[in-house]
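Q: Chain by chain, the residues run as shown.
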Amino acid sequence: MNLTLKIWRQQGPQDKGKMVDYKVSDISEHMSFLEMMDVLNEQLINKGDEPVAFDHDCREGICGMCSMYINGEAHGPDRGVTTCQLHMRMFKDGDTITIEPFRAKAFPVIKDLVVDRSSFDRIQHAGGFISVNTSGNTQDANAILIDKHDADTAMDAATCIGCGACVASCKNSSAMLFVGAKVSQYALLPQGQVEAVDRVKNMVAQMDLEGFGNCTNTGACEVECPKGISLENIARMNREFLSANIKS
Amino acid sequence: MSGFLNSSIGRKFTMALSALFLMLFILQHFAINILSVFSPDSFNEISHFMGTNPLVQFALQPVLLFGVIYHFVMGFILEIKNRNARTVKYYKNNGAANSTWMSRNMIWSGGFILVFLVIHFIDFWFPEINTKFIQGDMSGLLADGEGYRYYEELTHKFVPVWRVALYCVGFVFLSLHLLHGFNSAFQSVGANNKYIKGLKGFGKAYAILIPLGFIFIALFHHFNH
Chain A
42 MNLTLKIWRQ QGPQDKGKMV DYKVSDISEH MSFLEMMDVL NEQLINKGDE PVAFDHDCRE
102 GICGMCSMYI NGEAHGPDRG VTTCQLHMRM FKDGDTITIE PFRAKAFPVI KDLVVDRSSF
162 DRIQHAGGFI SVNTSGNTQD ANAILIDKHD ADTAMDAATC IGCGACVASC KNSSAMLFVG
222 AKVSQYALLP QGQVEAVDRV KNMVAQMDLE GFGNCTNTGA CEVECPKGIS LENIARMNRE
282 FLSANIKS
Chain B
-9 MSGFLNSSIG RKFTMALSAL FLMLFILQHF AINILSVFSP DSFNEISHFM GTNPLVQFAL
51 QPVLLFGVIY HFVMGFILEI KNRNARTVKY YKNNGAANST WMSRNMIWSG GFILVFLVIH
111 FIDFWFPEIN TKFIQGDMSG LLADGEGYRY YEELTHKFVP VWRVALYCVG FVFLSLHLLH
171 GFNSAFQSVG ANNKYIKGLK GFGKAYAILI PLGFIFIALF HHFNH
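First to last, the protein sequences are chains A and B.
Under the working numbering, the first residue of the first sequence carries the number 42, and numbering increases by one thereafter.
Under the working numbering, the first residue of the second sequence carries the number -9, and numbering increases by one thereafter.
Be a bit skeptical, because a hint or two may be false.
[Claimed, not checked] Below, simulated BS3-like cross-link-like pairs (lysine-lysine); rule was C-alpha separation at most 27 Å, straight line:
1. 79(B) / 152(A)
2. 133(A) / 59(A)
3. 71(B) / 146(A)
4. 64(A) / 133(A)
5. 194(B) / 212(A)
6. 194(B) / 57(A)
Since the hints were made in silico from the structure, they are not lab data.
This is chain A alone, in the form it adopts within the complex (with noise of 0.2 Å):
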């Protein structure tokens, strides 16, 4: 396959940034995105050139670093999929691809495609998380009997990976899916009741804070999620964010 790329550089935060053309040539369909993006990289460096600067750890769906918005959608046009694991065979050769960084206020770009997500674990360090004696005398999980439903229900959330395409598909740059499904992973389980009046309140105070939009409930954040995080996770952290605010 032969393409051409639309691809925003940026040399810093400070950078204003711009759209930049590359050609790549010889391009498989059994690549990966990110494999492509080699390949252009390494023409890039043969030419003295500079590398186009993109985040990637696991390249296998789980890490949540590849962060690339692609023909104007977060990782591409498949569905349920990171970029390192989007294929080439979903473009045809000729094509032009446009490739930018995730874009929100909450997200400001470092280099190239590479953005800040740590407004994301500031949100965590709010309140996502419950707290336990690891001293050695823990009681063991099983013990604990919890119905299957919520089990898996809770699971569901718990697969978010934290990649940010939910803030980059939003309309309004709103992380209210990331943080419905880290308030929803403990609301659903007895481990996470104890500390739920703090833990809601804390980590939507901490998304306000970060200055991320607010949910219009279009549903594009469900559809870009590379995990298929449901819209009842916001619906759930809707509800617990007016219980704790009516308990408290």
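We have chain A; now place chain B onto it with these hints.
A: Same frame as chain A, but now just chain B:
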């Protein structure tokens, strides 16, 4: 609760509550208006009751006005905040791949509804307030004293083609707004589970049939006057 009301979720929640209230009001408004097609006398009777009952006029009407103003003002405030949450726009954004046109353009359909509402107030509400509370005529009677004036006033308004066309366009925007807004309101108040899924079909039916009914009423009076 002040923290709740100033939070992103709190604002969503109050937007949804005002939306649910307004949707109930629209249903009641439609139920009264459709009477004008089948029974002008009943329409006159209930219009007079609604227009002169102290509970409706001095308790429910202020709540309605607050709901309308709150929904529009908060809608615009949230839109500005949301636009500020992405300072650099995408070079290419394929919103149609993951969301409906209606959900992405609530501010536009809402803006057109606001324009329509201003015209609607000038047509009906302001003259009504003038007659009752400025001129002090609470009788609801025609100038010649022969029966109530409400049916005559309604049908007279729908004589000009331009006004009928304007109202039809206004109701189309109302339908587009409700097609996303109905289910969105339930999601915002946290009502999204297996029990509530059946509401989605009802929401679509409401969003299409109620505005269609209003269009029918406008056209009926235009062609039967």
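Q: If any of the earlier hints don't hold here, list their numbers in rising order.
A: 6
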